[in-house]
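Those sequence lines, one after another, are chains Y and C. The first sequence begins at 248 in the working numbering and counts up one residue at a time. The second sequence begins at 184 in the working numbering and counts up one residue at a time.
One or more of the hints may lead you astray.
Straight-line distance between alpha carbons at most 27 angstroms, and here's what the computed DSS-like set of lysine-lysine pairs gives [as the list claims (entries may be wrong)]: (1) C:Lys230 x Y:Lys426; (2) C:Lys514 x Y:Lys399; (3) C:Lys230 x Y:Lys539; (4) C:Lys362 x C:Lys280; (5) Y:Lys345 x C:Lys402; (6) Y:Lys537 x C:Lys386; (7) Y:Lys508 x C:Lys396; (8) C:Lys230 x Y:Lys507; (9) Y:Lys587 x Y:Lys537; (10) Y:Lys507 x C:Lys280; (11) Y:Lys508 x C:Lys386; (12) Y:Lys553 x Y:Lys507; (13) Y:Lys508 x C:Lys392; (14) Y:Lys507 x C:Lys362; (15) C:Lys369 x C:Lys390; (16) C:Lys379 x C:Lys335; (17) C:Lys386 x Y:Lys539; (18) Y:Lys539 x C:Lys553; (19) C:Lys205 x C:Lys276; (20) Y:Lys508 x C:Lys379; (21) Y:Lys507 x C:Lys553; (22) Y:Lys508 x C:Lys381; (23) Y:Lys537 x C:Lys274; (24) C:Lys402 x C:Lys553; (25) C:Lys280 x Y:Lys426; (26) C:Lys362 x Y:Lys341; (27) C:Lys386 x Y:Lys507; (28) C:Lys230 x C:Lys203.
Here are a few chain C residues that sit away from chain Y, every Cβ distance over 10 angstroms (derived from the structure) [what the hints assert, rightly or not]: (29) Trp218; (30) Asp378; (31) Asp385; (32) Asp526.
The hints are simulated quantities; they were obtained by calculation from the structure and are not laboratory data. Every residue, glycine too, gets a C-beta built ideally from N, C-alpha and C.
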Amino acid sequence: MLSDGEAAELLSFLNLETRADLKGQASEYVLGLTGNRDGCRYLQSKPDFLQALVTLTSDPSIAIVKDCFHALINLSADETLHQPLVTETVLLAKLLPKLLDPEYVFADRICTILSNLSRHERTCRDVFRALQEQDIGLDRLVEVFCNQGFNKKASLHYLGPLLSNLTQLPEARLFILDKDRCVIQRLLPYTQYEESSTRRGGVVGTLRNCCFDHAHHEWLLSDAVDIIPYLLLPLAGPEELSEEENEGLPVDLQYLPEDKKREEDPDIRKMLLETLILLTATRLGRQIMKDKNVYYIMREFDRWEKDPYVTSACEKLVQVLIGDEPEEGMENLMEVDIPKDVQEKLIELDAKEQEQMEKDEQEQMEKDKQEQMEKDKQESEKKPKQSPEGLER
Amino acid sequence: MAAPAQGEDSDDGMDEFMEKFKAQKYKNAFNESNWEEEFNKVPMFMKTAPENIDPEKNPDLACIQSIIHDDDRTPEEQARGLKDEGNDYFKEKNYKKSVVSYTEGLKKNCMDLELNAILYTNRAAAHFYLGNMRSALNDATAAKKLKPDHVKAIIRGAQCSLELRNYVGVLQWCDEGLKLFPTDKKLLELRATADKLKREADKDSRKAKVKAKKEQNEKKALLAAIKERGIKLLKTELSRHRGSDSEDDDGHGGASRALADLELDGMGSQEATGARVFMDEQGVLHWPVLFLYPEHNQTDFISAFCENSSFMDHLAVMFGEELPPWDTERKYQPQNLQLFFEDPEKGHLYQVDLETSLLNVLQHQRCFLKAGSPSFIVLVSGSLFSKQFLSGKKVKRSK
Numbered sequence: 248m249l250s251d252g253e254a255a256e257l258l259s260f261l262n263l264e265t266r267a268d269l270k271g272q273a274s275e276y277v278l279g280l281t282g283n284r285d286g287c288r289y290l291q292s293k294p295d296f297l298q299a300l301v302t303l304t305s306d307p308s309i310a311i312v313k314d315c316f317h318a319l320i321n322l323s324a325d326e327t328l329h330q331p332l333v334t335e336t337v338l339l340a341k342l343l344p345k346l347l348d349p350e351y352v353f354a355d356r357i358c359t360i361l362s363n364l365s366r367h368e369r370t371c372r373d374v375f376r377a378l379q380e381q382d383i384g385l386d387r388l389v390e391v392f393c394n395q396g397f398n399k400k401a402s403l404h405y406l407g408p409l410l411s412n413l414t415q416l417p418e419a420r421l422f423i424l425d426k427d428r429c430v431i432q433r434l435l436p437y438t439q440y441e442e443s444s445t446r447r448g449g450v451v452g453t454l455r456n457c458c459f460d461h462a463h464h465e466w467l468l469s470d471a472v473d474i475i476p477y478l479l480l481p482l483a484g485p486e487e488l489s490e491e492e493n494e495g496l497p498v499d500l501q502y503l504p505e506d507k508k509r510e511e512d513p514d515i516r517k518m519l520l521e522t523l524i525l526l527t528a529t530r531l532g533r534q535i536m537k538d539k540n541v542y543y544i545m546r547e548f549d550r551w552e553k554d555p556y557v558t559s560a561c562e563k564l565v566q567v568l569i570g571d572e573p574e575e576g577m578e579n580l581m582e583v584d585i586p587k588d589v590q591e592k593l594i595e596l597d598a599k600e601q602e603q604m605e606k607d608e609q610e611q612m613e614k615d616k617q618e619q620m621e622k623d624k625q626e627s628e629k630k631p632k633q634s635p636e637g638l639e640r
Numbered sequence: 184m185a186a187p188a189q190g191e192d193s194d195d196g197m198d199e200f201m202e203k204f205k206a207q208k209y210k211n212a213f214n215e216s217n218w219e220e221e222f223n224k225v226p227m228f229m230k231t232a233p234e235n236i237d238p239e240k241n242p243d244l245a246c247i248q249s250i251i252h253d254d255d256r257t258p259e260e261q262a263r264g265l266k267d268e269g270n271d272y273f274k275e276k277n278y279k280k281s282v283v284s285y286t287e288g289l290k291k292n293c294m295d296l297e298l299n300a301i302l303y304t305n306r307a308a309a310h311f312y313l314g315n316m317r318s319a320l321n322d323a324t325a326a327k328k329l330k331p332d333h334v335k336a337i338i339r340g341a342q343c344s345l346e347l348r349n350y351v352g353v354l355q356w357c358d359e360g361l362k363l364f365p366t367d368k369k370l371l372e373l374r375a376t377a378d379k380l381k382r383e384a385d386k387d388s389r390k391a392k393v394k395a396k397k398e399q400n401e402k403k404a405l406l407a408a409i410k411e412r413g414i415k416l417l418k419t420e421l422s423r424h425r426g427s428d429s430e431d432d433d434g435h436g437g438a439s440r441a442l443a444d445l446e447l448d449g450m451g452s453q454e455a456t457g458a459r460v461f462m463d464e465q466g467v468l469h470w471p472v473l474f475l476y477p478e479h480n481q482t483d484f485i486s487a488f489c490e491n492s493s494f495m496d497h498l499a500v501m502f503g504e505e506l507p508p509w510d511t512e513r514k515y516q517p518q519n520l521q522l523f524f525e526d527p528e529k530g531h532l533y534q535v536d537l538e539t540s541l542l543n544v545l546q547h548q549r550c551f552l553k554a555g556s557p558s559f560i561v562l563v564s565g566s567l568f569s570k571q572f573l574s575g576k577k578v579k580r581s582k
């Protein structure tokens, strides 16, 4: 990398007082370093550089600010940089106040950095603590998230993944699951937010995390929150159901128009199903899902879904929906004690299933490739052949 | 008591005095029978204020009231007094009067913003209970403008919007309020209620759309089936005026355009008889058909004549067992009947073969349906009337 002398010189240019052109070139160079893994690892041991980048986000030159933010985003994408960034620089203290500044042009970039930093539990805790120190409660984050147009220059879509990451902490979930406030209810409509899959994914991730605490299931399933329709709507399609089937569904799922589209991102579809499966952990949850005829929606979904990983999750859910109630002592599936030999067998089955899904995926890819080749071949046969040998791939 | 030491005299005097009490009533005593009524007249013990205070009958009360409306006090004091007056009326559920008091209070235009906000809010509440939702909403809005953190005004605004079924409005009021008071139970409750009602309303609107679409599709299918059979629908007067500019006079071209443009709703038969052609599950059409008996000025209406049925099928039933009461000569027997349809353009009459199906007849080149309902003239073969009726007309006989 750089020699100590070179590094020192470079660092000296990364100063607010430095001449603009030198500053600019220096920050550009550092940005270049962050573009690859080796560069990032090098900077991991250079907290002065990290701090310099943070400081230069206040530079009067927009180009330099952009480069510095870009560099910080790259660095925050690398897990090994997380602790250095939060403990060896004033990044959190300096940038958090600007996050919710409605005029701040770079708010989106701060969002992205925070969303990266909060991915893993350890640094997530640091981020959460910093938010609290700055008096930025989660309800405030949710409020801003739900206020489109809050910042005219920043979409703040990445608040979604940030919230989702933060809710891996039980203390963060408590804020979202506050019964005396209106917090989680505000997030629910965003499971269908067409304009941004980042936002949608963030919300669904948040909801999924919140469903890990089965103590809150009764409240989540009740009218006070009514989470189920919002999980089902992205999975429901335009297929016509009979009047009888319609009337048995939750209100929001009745009489859907013929142009109704399903969630297009398979990862989000999988998360939605996982959330629904989590909600079947308690007997009450299973009862409510059966009463709301969730099965009809899953039946149509199963026919439509092509991705094997998502189908597998769907089938798991359907099995619970149409299966019998477990016996005494097993009502809460999350608390059941699984005997060791059964555990081993289940792990084996899971491994086999995983293998099968990978195989299916391969097969599907091969099929698609095959189809594409056929199509290409047909296309070329229509055109006059240049070489008699046929297609060149 | 410092009684002069008068010995027996004062004691006797005392006893005498006490004796009097037992015997005589003191002056201006309350009467046993009407003491409650009397009590109510004393301002201090009044349970409710009288509607109009007559200074002659109730000088004390009039006096007190004039103190409230006394112009010597500052506007703030006056406004406050009027607020209290309004509140008293409000407690008695005399909402109309309370509105008056609050309005008077606001007219004082005092500088106290909070007081004015309260006056608006209270007046909003009075209007609310009177059912004047819009006035109530306006007052709540005015109150909030003066004092944006006046939670009662915000709650009232939300409640009014709910009554007015403006669910989006309710959510806006509640969200504004929850920003300041995130745990207010009333606001949370109103928000949840409005959310639920809004989602119900959305469902109802989706359901209506689905129904409308279904009806639209059924109409299209019906028109297509009619067209497919080559049955010609004649435009009614209404639709004729709509499309008259572009229509050509050639019978065939005009008729086919009539087919393309015609909405089934333009078929007047629906208004006249309440019946309309329909297609059953097997795709068979059933028509409302009129039989006309010009000899006796009578008509028969068959609401659902299956296109595959023959005329004789119906006539055998209609005239088979019993003849209609208007058939005084007893001559309308099925085997004697002749049916004709009229070509509306040229005026010719075409005789119908009774054994043939309705569909067959409708497909006849010169058969045009007026108002979507086929009608047929029924005559008795060889009768005097039929000879008279048919004379002078061009008649095409069936084979």
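Which earlier hints turn out false for this structure, listed by number in ascending order?
Result: hints 1, 2, 3, 4, 5, 8, 9, 10, 14, 15, 18, 19, 21, 23, 25, 28, 30, 31 break, sorted rising.
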